[in-house]
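Peer 1: One-letter residues, chain by chain:
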Amino acid sequence: MAGTAQILTPAPAATGVPKIQISGLQKVYAGRQGDVVALQNVNLSIEPNEFVCVVGPSGCGKSTLLNIIAGLEDATSGTVQVDGKDVTGPGKERGVVFQQYALFPWKTVIQNVEFGLKLKGMNKKERREKAEFYLELVGLKDFAHAYPKELSGGMRQRVAIARAYAVQPEVLLMDEPFGALDAQTRAQLQEELLATWQKEQKTCFFITHDVEEAVILAQKVIIMSARPGRVKEIVNVDIPYPRNQETKLLDRFSEIKNEIWAKVYKEYLEVKK
Amino acid sequence: MAEMAVTKPKKKAVQTSAWKRIHPNVMVLISLIVGVVFWALISLIPTVGNIVSNPWTIMKTFVDELTSGRLGANIFASIFRVLSGFLLGLVVAIPVAFLMAWYRPVRGLIEPWIQFFRTVPPIALIPLVIVAFGVGEGAKISVIFVATFLVMVISIYQGVRNVDPTLIKAARVLGATDKDIFLEVVVPAAFPYILVGVRLGLASAWTTLVAAELTGASKGLGNMIMEAGLYFRMDIIILGIIIIGIIGFAMDKGVLYLERRLTGWQELRKS
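Chains as they are written, first to last, in our numbering: chain A, 24 to 296; chain B, -11 to 259.
Be a bit skeptical, because a hint or two may be false.
Label pairs and their calculated CB-CB ranges [said to hold, decoys possible]: (1) A:Ala206 - B:Leu256: 23 to 33 Å; (2) B:Asp166 - A:Asp109: 14 to 24 Å; (3) B:Leu250 - A:Ala218: 34 to 44 Å; (4) A:Thr99 - B:Gln146: 11 to 21 Å; (5) A:Asn64 - B:Val108: 55 to 65 Å.
No lab work stands behind these hints: they were computed from the structure. Glycine residues also receive a C-beta, built at the ideal position from the N, C-alpha and C atoms.
Take these sequences, add in the hints, and give me the full structure.
Peer 2: Structure representation (structure tokens):
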């Protein structure tokens, strides 16, 4: 990879073993009017601690791909390997953040963050400390005992991120996590996510429909084609970190953004046909 | 951060209308007074007064019946039947509803029967039940059991079916087993529906009971009304009606209170 050489942090460990290896992945849904091919021969290799964004027109199988990596759905054929091991179901080394936050409304903020730790069998004192640490990280320590209904969308998604981080997964899978937020909150959460990613090294697999979001976050942007979903192209984003909102003013940023946009737009026109 | 403002207490909107400034409890009191005055007034009309006794007569009857111990015994008998039938219904409805929601074959087997019996008013079962169980306690309790079970099983089943699949996914990726998902996600998510079921069940238990007692019983508020009818004691009938209403109302308020205390985490539309 030529792009990664220019990136300051984090340097992918040069083990040669990819964190996530997707080979020949195929997903077919049985529909009423015959089979629907959601994913066709998807091959991808994601390095440890790499930040990857996936963009593509709606219905291109982005979410299906994420669900398969998460172990929430089975592939029709092909394999997904994490650290060289086949994915057969959800695992604690893979955390997921959903677009609809998916917070448990009957649990307080801190109980939500603690939930994964409780399932691991961690004792009460230890998991409380850990949950408080991650709430602090997302700036919500003061809201530890509030219920999700008392929080705004942005705050809810921060709790969901803290909950995913608390179990310390090595891979963070995010399915349009900021899609339902307003532009300002989204920009703020993007910066926060980048900051946390640099503090707590993780492999991030981030789905978005927003090209600008993909370019500001990712080292590598994967463009998917319209149904059946395939990997159309992979674009390296050779803009060094740390990135922030000012990064969006760089010429290089616009250049990459426009390049990706043109390709995504072509796929979008395919869908319209 | 602008979004922090969300949780800050907001100042109440400026109230313009004088009506809105009155405390809701005061409104209830006003409503009660107006109602009683209206009742007293129409009971003054001679032809109506023969049937609708005036409030003072009812008060006197109430004291008479209470001191004689008859009223207490009737109330006790009715409440005992309602609660036994209702609790039995709840204990059976919860597992059946969860099984139906969780296992497709169970749903396929049970649902048609529930849908069928749901359209039959429980009172229509009474003659059958009397033949089977006689006119004793068993007959009344089983009619109430059937009525409450049908109402509650549907409501609880809907609740379990409505559990947001994303929440189940979120729990699974955090490492939850099937048992964890059941106890930590499905049960709490369905809990508000269980309480709705309880509320509907209690209301249906109460109305069914009175109907069951009207068809013949040795005690109970429904029976008290029926017997009073035979002797043309309009005051006792009205007293019975008022007490049935008050008890039903109090039970409903009790469940509503529980609902507020236990499911305050729910996100409700602002009215």
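Peer 1: Does the structure break any of the earlier hints, and which numbers would those be?
Peer 2: 4
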